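> Construct all of the structure, not just a fragment, from the sequences and the given hints.
The lines below spell out each chain.
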Amino acid sequence: MSLAFLDTISRWAIPFLLLVIPLVGFLRKVPVYEAFVEGAEEGFTTAVKIIPFLVGMMVAISVFRASGAMEALSHAVEALTSRVGIPSEILPLAIMRPLSGSAVLGMATELMKTHGPDSLIGRLASVMQGTTDTTFFVLTIYFGSVGIKKYRYSIVTGLTADVTGFIASVYICNLLFK
Amino acid sequence: MLNVIWLLLLASGIIVAAINGNVEVVTEAALSSARGAVKVCFDLIGIMALWLGIMKIAEKAGMVQGIARLMKPLIRRLFPTIPTDHPAMGAVILNLSANMLGLGNAATPFGMKAMQELQRLNGDSDEASEAMCTFLAINTSCITLVPATIIGVRVSFASANPTEIVGPCIFATAVAMTIAITLDYWFRRYSPWRRIP
Chain A
1 MSLAFLDTIS RWAIPFLLLV IPLVGFLRKV PVYEAFVEGA EEGFTTAVKI IPFLVGMMVA
61 ISVFRASGAM EALSHAVEAL TSRVGIPSEI LPLAIMRPLS GSAVLGMATE LMKTHGPDSL
121 IGRLASVMQG TTDTTFFVLT IYFGSVGIKK YRYSIVTGLT ADVTGFIASV YICNLLFK
Chain B
1 MLNVIWLLLL ASGIIVAAIN GNVEVVTEAA LSSARGAVKV CFDLIGIMAL WLGIMKIAEK
61 AGMVQGIARL MKPLIRRLFP TIPTDHPAMG AVILNLSANM LGLGNAATPF GMKAMQELQR
121 LNGDSDEASE AMCTFLAINT SCITLVPATI IGVRVSFASA NPTEIVGPCI FATAVAMTIA
181 ITLDYWFRRY SPWRRIP
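Here the protein sequences line up with chains A and B, keeping their order.
Residue 1 is where the first sequence starts when you use this note's numbering, and the numbers rise one by one after that.
Residue 1 is where the second sequence starts when you use this note's numbering, and the numbers rise one by one after that.
It should be emphasised that the hints constitute simulated quantities derived from the structure, not laboratory data.
Predicted model only: the values in this text are computed from it and were never measured.
We treat Cβ as the ideally placed atom computed from N, Cα and C, and that holds for glycine.
Hints are supplied without guarantee of correctness; some may be wrong.
[What the hints assert, rightly or not] If you want a taste of the chain A side facing chain B, the calculated C-beta under 10 Å gives, among others:
#	residue
1	R28
2	L73
3	D118
4	T164
[As the list claims (entries may be wrong)] Taking lysine to aspartate or glutamate and the EDC-like style, the derived pairs with C-alpha atoms no more than 20 Å apart in a straight line are:
#	chain 1	residue 1	chain 2	residue 2
5	A	K150	B	E117
6	B	K60	A	E41
7	A	K49	B	D124
8	B	K39	A	E42
9	B	K60	B	D43
10	B	K60	B	D85
11	A	K49	B	D126
Set out below in structure tokens:
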């Protein structure tokens, strides 16, 4: 896939939706502006409902990271992971992946600055950034928006998928780029 | 589960900070991230209002239900507890498509809408339903066909081939997603967490 093609998609996707949906609605005799306002009203209440859940989660994650506990955990597993071809520079990124999207983007950017985007570490950081989502953030705001407090098995599922995604990223990057 | 993880994140952070002799880091991190969380939510308000408004038009025009009907064969298997043609289906599909296209800011409002519909089917319980768990399993491991942000970062550091990571991303996500869906299915059917009918 060429860069120009991807660029075109990402530049056109939102204008396209903003044109097509109201247009089709209008043609199907929907009072488009009134319908828009009616739907938009829910935006405020939904966003406000998330606040307590997000405060709880972000405080815990931020304390974990700022205190150096995240680094300590990363050092602790380093001995194990370095044997299977995982560069130790990438570990903090793997640990933060399910916890914070903005932190991971910052870390990936930093790694690419230091090691170059075309080094194994730079490529691995890119692939990990593009693979799986910020599990905790998504669970917190999605469940929070409807007042669900008991997540049952969904954390186990999400975290297992994150670990799998990490292993698969390391495998494919070592295979293609080493 | 969540209670334990939450406590572990907090407690391990405070203990490590105490050992390193800089507990004041904890205070600063806690206060500033609490403020940051509210800012994230406030930033969300406008985006949510925009996309929930657009979604309401799509719903009234019958487009959401149309998409749901189109994808019925696949979705029915993943979500056996959602009645066919239910608006939850349409919202789930819109969310997953937005995710795949890398439209993060549209994906979130569609996802909230899907959760609201699923919560209605769940009888307003404070416990997650099976359909919600499946939805989030797919959502958090979802393939992004256009990882625009990271491509942008690679371009800014003058990568020789900024998009070469798209293929590996799709591979790694496909593996993660397969595991997520399989595990979710197992939990739903056989685990101690399943709901006995």
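> State for each hint whether it applies.
Hint by hint, here is what the structure shows:
no.	hint	verdict
1	R28	holds, 4 Å
2	L73	holds, 8 Å
3	D118	holds, 6 Å
4	T164	holds, 4 Å
5	A/K150 to B/E117	holds, 18 Å
6	B/K60 to A/E41	holds, 16 Å
7	A/K49 to B/D124	holds, 15 Å
8	B/K39 to A/E42	holds, 18 Å
9	B/K60 to B/D43	violated, 27 Å
10	B/K60 to B/D85	holds, 14 Å
11	A/K49 to B/D126	holds, 14 Å
Of the hints listed earlier, the one the structure fails to meet is number 9.
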